[in-house]
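**Student:** Spelled out, the chains give:
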Amino acid sequence: EDQVTQSPEALRLQEGESSSLNCSYTVSGLRGLFWYRQDPGKGPDFLFTLYSAGEEKEKERLKATLTKKESFLHITAPKPEDSATYLCAVQGYGNNRLAFGKGNQVVVIP
Amino acid sequence: DTGVSQNPRHKITKRGQNVTFRCDPISEHNRLYWYRQTLGQGPEFLTYFQNEAQLEKSRLLSDRFSAERPKGSFSTLEIQRTEQGDSAMYLCASSLVSGKLYEQYFGPGTRLTVT
Chain A
8 EDQVTQSPEA
18 LRLQEGESSS
28 LNCSYTVSGL
38 RGLFWYRQDP
48 GKGPDFLFTL
58 YSAGEEKEKE
68 RLKATLTKKE
78 SFLHITAPKP
88 EDSATYLCAV
98 QGYGNNRLAF
108 GKGNQVVVIP
Chain B
106 DTGVSQNPRH
116 KITKRGQNVT
126 FRCDPISEHN
136 RLYWYRQTLG
146 QGPEFLTYFQ
156 NEAQLEKSRL
166 LSDRFSAERP
176 KGSFSTLEIQ
186 RTEQGDSAMY
196 LCASSLVSGK
206 LYEQYFGPGT
216 RLTVT
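Protein chains in written order, with my numbering: chain A, 8 to 117; chain B, 106 to 220.
A hint or two may mislead.
Calculated pairs, DSS-like style, for lysine-lysine (alpha carbon to alpha carbon, straight line, at most 25 angstroms) [claimed, not checked]:
# : chain 1 : residue 1 : chain 2 : residue 2
1 : B       : Lys119    : A       : Lys49
2 : A       : Lys109    : B       : Lys162
3 : A       : Lys49     : A       : Lys70
4 : A       : Lys109    : A       : Lys64
5 : A       : Lys75     : B       : Lys119
6 : A       : Lys86     : A       : Lys66
7 : A       : Lys109    : A       : Lys49
The hints are simulated quantities; they were obtained by calculation from the structure and are not laboratory data. Please read these numbers as outputs of a predicted model, since none were measured by experiment.
Take these sequences, add in the hints, and give me the full structure.
**Tutor:** Written as structure tokens, this is what we have:
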């Protein structure tokens, strides 16, 4: 069964203080690893897809990287509007469902 | 281009009542998924459709839950004889499986409260 563990569960950052979120996964053949952003009371918003080890994707202050066992979401010089829960999910070959972690809750303090 | 829409956004019901939720996917997407999310947890897969065919259901899905996707367009999720444990956010997602792309795009969710 595909499994995802995210750490830390919660993180408080000062504005401008860069940090990284970790997503460790086990899957029998990775089809894709996905990062989403979720604001309170809303559905997850798609951020990135990573397909193979060594791949990197960037969007504004966010950068996602992938190894064979984990992914990192780096937040560079965060702003208060980056406060959200970041969800990591994997999809294995032969599987059509996403397996999600519990998320990283990030609060950026002005 | 409109995203995934879900109705209603909120539903409060008494235990034992039946409820039905609707999901309208992104128009060109051929796959539609239902997930459930409780507080502090990530979304949990319930079922998915390719066009009008329901191809997979979670083993955890009670037989009180049923989903349909007539004509491969919108989908409905019905919960019969609701229980307090059914209180959660019900999320719908859609995707267009093409080449290497498998991204699922989520709607805003329906928040169900069972009293």
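**Student:** Hints first: check each against the structure and report whether it holds.
**Tutor:** Hint by hint, here is what the structure shows:
| no. | hint | in the structure |
| --- | --- | --- |
| 1 | Lys119/B x Lys49/A | holds (24 angstroms) |
| 2 | Lys109/A x Lys162/B | holds (21 angstroms) |
| 3 | Lys49/A x Lys70/A | holds (23 angstroms) |
| 4 | Lys109/A x Lys64/A | holds (22 angstroms) |
| 5 | Lys75/A x Lys119/B | violated (47 angstroms) |
| 6 | Lys86/A x Lys66/A | holds (14 angstroms) |
| 7 | Lys109/A x Lys49/A | holds (15 angstroms) |
Going through the hint list in order, the structure does not satisfy hint 5, though it satisfies all others.
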